[in-house]
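S.K.: Using the sequences provided together with the hints, build the complete structure.
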Amino acid sequence: MTTVSLNVNGHAHQVQAEADTPLLWVIRDDIGLTGTKFGCGVAQCGACTVHLDGQPARSCVTPATAVGGRKVTTIEGLQSRAAKAVQQAWIEHDVVQCGYCQSGQIMSATALLEQNPKPSDTDIDHAMAGNICRCATYVRIRAAIHAAAGQLSA
Amino acid sequence: MHPLMHALREHTLEELQAQLAGTTATPARDAPAGVTRRALLASGAAGGLVVAIGWLPADAQAAAGQGAEGRAAKAALVPNQFVSVGTDNLVTIVCKHHEMGEGNTTGLATLVADELDADWSLVRTEYAPADAKRYANLAFGTMQGTGGSSAMSNSYLQYREAGATARAMLVAAAADAWKVPAGEIRTSDSVLTHASGQRATYGEMAAAAARQAVPAKPALKSPAQFALMGRDRSTPRVDSPSKCTGTAIYTGDVKLPGLLTAVIAFPPSFGAKMVSFDAAAARKVKGVTDVVAVPEGVAVVAKGTWAAMQGRRALKVTWDESAGASLDSEALLAQYREMAARPGTSFAKPAAAPAAPARTVEAIYEFPFLAHAPMEPQGCVAWLHDGQLETWAGHQFPTFDHMLAAKAAGLPLDKVRLHTLVSGGSFGRRANVWSDFTVAAVNVAVAIKGRAPVRLQYSREDDMSAGLYRPMMLHSLKVGLDGAGKVASWQHVVVGQSIMAGTPMAPMMVKDGVDPTSVEGVHPTSYDLPMMDGQVHDVALPVRPLWWRSVGNTHTAYVMETMMDRLARAAGQDPLAFRLALLEKNERATRTLKLVAEKSGFGKAMPPGSAQGIALHESFGTAVAQVADVTIKDGKVRVDKVWCAVDCGVAVNPDVIRAQMEGGIGFALGALYYSEIELKAGRPVQRNFDQYRSLRIYEMPAVEVFIAQSTASPTGVGEPGVPPLAPAVANAIARAGGPEVLRLPFARAGLVQA
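Line order of the protein sequences matches chains B and X. Numbering-wise, the first sequence is residues 1 to 154 according to this note's numbering. Numbering-wise, the second sequence is residues 1 to 754 according to this note's numbering.
Where hints are given, some of them may not hold.
Unchecked claim - On the chain X side, residues computed to face chain B include the following (Cβ under 8 Å): (1) R237; (2) D239; (3) D253; (4) K286; (5) P374; (6) L595; (7) E598; (8) A659; (9) S694.
Simulated from the structure, these hints should not be mistaken for lab results. Keep in mind it's a predicted model, so treat the numbers as computed, not measured. Quick reminder that beta carbons are idealized off the backbone N, C-alpha and C, glycines included.
M.R.: As structure tokens, this is what we get:
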């Protein structure tokens, strides 16, 4: 066990964790933020996506001890204008079905729009390829990202 | 209607309970009138809409208060177990169905809110407790559960009547207060008004309304009067905001004091038995509190999920895998091919001796085992305390889960309380007669003697390798055409595991040796094929089979609809015209097929390498026809667009219907491309998404959905979008000059980049 210092959603946390404990379980079990989901444990589905200094990362394979000083943002901590536009577009398009992957989808989409406010379909394909949705809400995810981009440029 | 519904509603809860308990008690067919579904149906037919009220005992209000959880029970006006109105002006709807993404929470709320004339923004929802007497799925008779795409169809009158009842009581209260005739009071957006200028919100009138008599038969709106149903975007999903902010609570998100996490070392192969285990290393993992044998395997319990997982990794278990050692999917398939050549149990007999065909078309189709792989791996929280058991999970079949959890805990039913949460998808997985993950969690709770609440968490690998698969299936067909290109004979043999055989459902479902879910879509079929000679072989395996979004139609639609194209080609006819000639007695299927053909311009010229394929399939009472626009480039398939026509009766929530068609198309396309669970030496080969590929965003076609206008009672939409997709794509590939694929998935034929 080591003491891990993390900045999650702007708050400092110190948790006791094994060196290999994935960030996902620290966020969920120790810090108690359950919006970030466990889907596969091997970075294949993207349900666990968080931001590290604004970059999307799969928290299920990121050791908490490897985060260092990078700022962790989870779905609960989304604040940016792009994030709000994404969440609003998601609601307006009723993207969700079961909803379990959608925290991760929204984190990936937000990171995309923060770096590329006017993404093409190909940009969306690349940015969102790591996020599986078994309900296959992909048509609406794409539409919502375009709508959020439109909102941001308005 | 799904055969499951036909069969289940003929049976009583007591019969079901006896089946689950493994006894063979005499079916309580002659229960007193008023408690059986049969009696209710009879009274409903004679006297109109008495379904919802018919379930309530005399003291309806007291009964409703008992079961409904949270807000609903505390509200001022609680006219029945489905709806309440609070003095805070909020309307709370108690949903008897499980929300796994298909939108039934929004749908049930819409049914009530429309009849109640409620302001949609003031509508709240919660989930019903396990109580089959008050929250039964009327399509299943006396069982509470969600499945068979039946949520809207079985609730359509019940939930509307519940809303109309509340409205009638509010109106009656206002009439009393204002001394005006009830018929002069108008309701809209949760407000009562009268021409005299009187006005009250529902919240203001709720307490007075509660003193009114509960009307026996409140009038229902005609479809033309619907304020919400069928109106696009009038009822945004009630679960969108929570699911877009990470605040929706799934099983894994439940917080309880001292909550422990358990993972189970499950058998590595089907039929394996635990011989012994050495827990020493597992116990040394920091955070591990218990290592205990349970019927499912060996449970490692810990403070924290990672500790539990690490404990399991350190655990040494010796398994006897001899029982399943010879289980191999390739060998099985070879066995199925041999069986298909032998006579089986008849499921369809030709009406007359078939004429000698001018030519025949033969094909053998092969379908793999499929895992459901919902995004949320299985799990359940179980808490034994104070002589009671509480569970939290995506309880899709609360009646089964309730009974089996009680049995595992050794407690009477009234000491077991289920909390049904939204789940991260199911596709059939969470509805099973073994209540596997619920019972396993209870077994762990019992094994640690109820010392703390415990959350059982499946890993993705646990979930995917647990069996409960769509069974491997084989169809062998020999179809004869006469000189005019008409079907003259149809020999059809189906081989595979029966989903129902050997389960408590079998006595209710299997008739004359035939499990209808093995052959639905072949028999019955949308087409007029009285010459069909159908036979089925059931196979018994240690791998448990289970319904997978659209059940038997997952394979029968592919067989029937690709065969239609093959026959049309053999007869030199257009595939649309060939189908329409066999659908002359099926007006709805004809309309749906023509609608999609018209919208997609089926038959139009396509660029080189591209083609359109068409398919129609009716399931769960709904007709869906799809046209797939497909391009083959460098030997690889791309589905560019899918056109989808659906006739599901009244479109309660048109946008939810569209979403289910879009999602069903993507779900089916991923399976068509990639999905397969192979068995080798009794073990499943594919255990996570790296090997069990799922459709990704860049593979999703554009989708356009056309919903038929209808005033007929609604039918299902959760499953029916799935079956036509695979054959529509396969037919397009063949028309584009690609191969005719008889063995799924496509990845086997190298048609997609796996």
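S.K.: Report the numbers of all earlier hints that the structure fails to satisfy, in ascending order.
M.R.: Result: hints 6 and 7 break, sorted rising.
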